[in-house]
Amino acid sequence: MSDTVDILLTVNGTQRSANVEPRKTLADVLRDDLELTGTHVGCEHGVCGACTVLIDGEAARSCLTFAVQVRGSEIVTIEGLAEDGEMNPLQQAMRASHGFQCGFCTPGFLMQITALMNENPKPSEPEIREALSGNVCRCTGYQSIVAGVLRATGQSPISDSTHQE
Amino acid sequence: MLAGGQSLVPLLALRLASPSALIDLSGVPGLDYVRRENDHVAIGAMTRERAVERSEVVREFVPLLSVAMPLIGHLAIRNRGTVGGSAAHADPSAEIPAVALATDAEVVVRSSARGERTITSDDFFQGFFSTALEPDEALIELRFPVVRPGTGVAFEEATRRHGDFAMVGAAAVVRTESAHIVEARIAVIGVSDKPLRRREAEQALAGAEPTRGAFEEAATLAADSLTPPSDLHGSSTYRRHLVRVLVRRALESAVQHSQEGG
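So the protein lines, in turn, are chains Z and P.
The first sequence begins at 1 in this note's numbering and counts up by one.
The second sequence begins at 166 in this note's numbering and counts up by one.
Be careful, since some hints might not be right.
Claimed, not checked - Ranges between beta-carbon positions, derived for each pair: (1) Z/Pro-121 - P/Tyr-198: 26 to 36 Å; (2) P/Asp-358 - Z/Glu-79: 39 to 49 Å; (3) P/Val-410 - Z/Leu-8: 44 to 54 Å; (4) Z/Asn-88 - P/Ala-278: 49 to 59 Å; (5) P/Glu-365 - Z/Asn-88: 29 to 39 Å.
Worth flagging that the hints you see were computed from the coordinates, not collected in a lab.
Here the structure is a predicted model, which means the values were calculated and not measured.
For every residue, glycine included, the Cβ atom is placed at its ideal position computed from N, Cα and C.
Could you put the whole structure together from the sequences, leaning on the hints where they help?
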């Protein structure tokens, strides 16, 4: 069972290779082998959404995918969002809206939001809530997360002004 | 056998399953397609649920499958989860088996020794996580009959939170003609060890006028003979109540759609 497999992936635009056990999840390969620890591992069985990454452009749970299943795929992680060391517009909007508290769930939320914005550049609030329904924030900062998405997509923040400046 | 992994990998992570070997199907070509073939729509086993959700062919010809898709987990789950995987997994709360049952879909399986065979949904789903698949067979395709004109569909669920597994769900396919129900098909989930058709209720509706009274009578017939399991999400009594409510709602909604012309 300890046989390993060579895999080749494109991660955040760069070709990466690793030699991994087939039973190793993509989340663990990203964190342990490629040292991209921005992807967080929460529940480890697909419920919390913290480990969400983009696989060939689509949001997916990296804890429910074995790395060997996505050989040759293009992966984008939270580390791939910043541009030249500067936070991208989504990250800036989330900061401006206080869109995270402890930050544990944040990478998963941002990757799910990135997928949403790629498909739907101006999602309505219900569409945002639907898209984020699979991501859990145990600080329960959902209002400000939704406000951050509205801000990032150039829409006025939601009526609840608790978290607005 | 590993398809999208959205059910099996959690079972592995929770140590509820510990197979000595897994065969990953993601490298098998030719199992990812949605196509209309004569009187049915054929969907390859490895077709992602999200692809089915986006498919115009499915929306037009297998509308029940289309409306059921957004009820499955969450976006990130549907991006990886497959139609064949859900059917072969046979979770008694899953939507795809209920759609297969309510539409009289067929399941195509193949073994290298004996070739292909086609199994009706009625025979395929046998119980808690168990199907008619033999150990050396793989599910390769689902065949959903093309919906007939004048048919409306609906899938109603009660869940604790959005995207959770349904405590109870009800699928309805109803065909009407000049303000009468010609044919109704009802499947329910979350109430037994497998999805169930409610044929007594279906028969009561055939030829009936689509009135609130008829829907309520059918919903009662659908619920009364059931003895659903109790767990921390809902008692047996509560689940039976949900069947009555959800079947009625699904019938009402399906009939309304059938009269709007689909």
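Enumerated hints in conflict with the structure, sorted upward: Violated hint (a single one): 5; every other hint is consistent with the structure.
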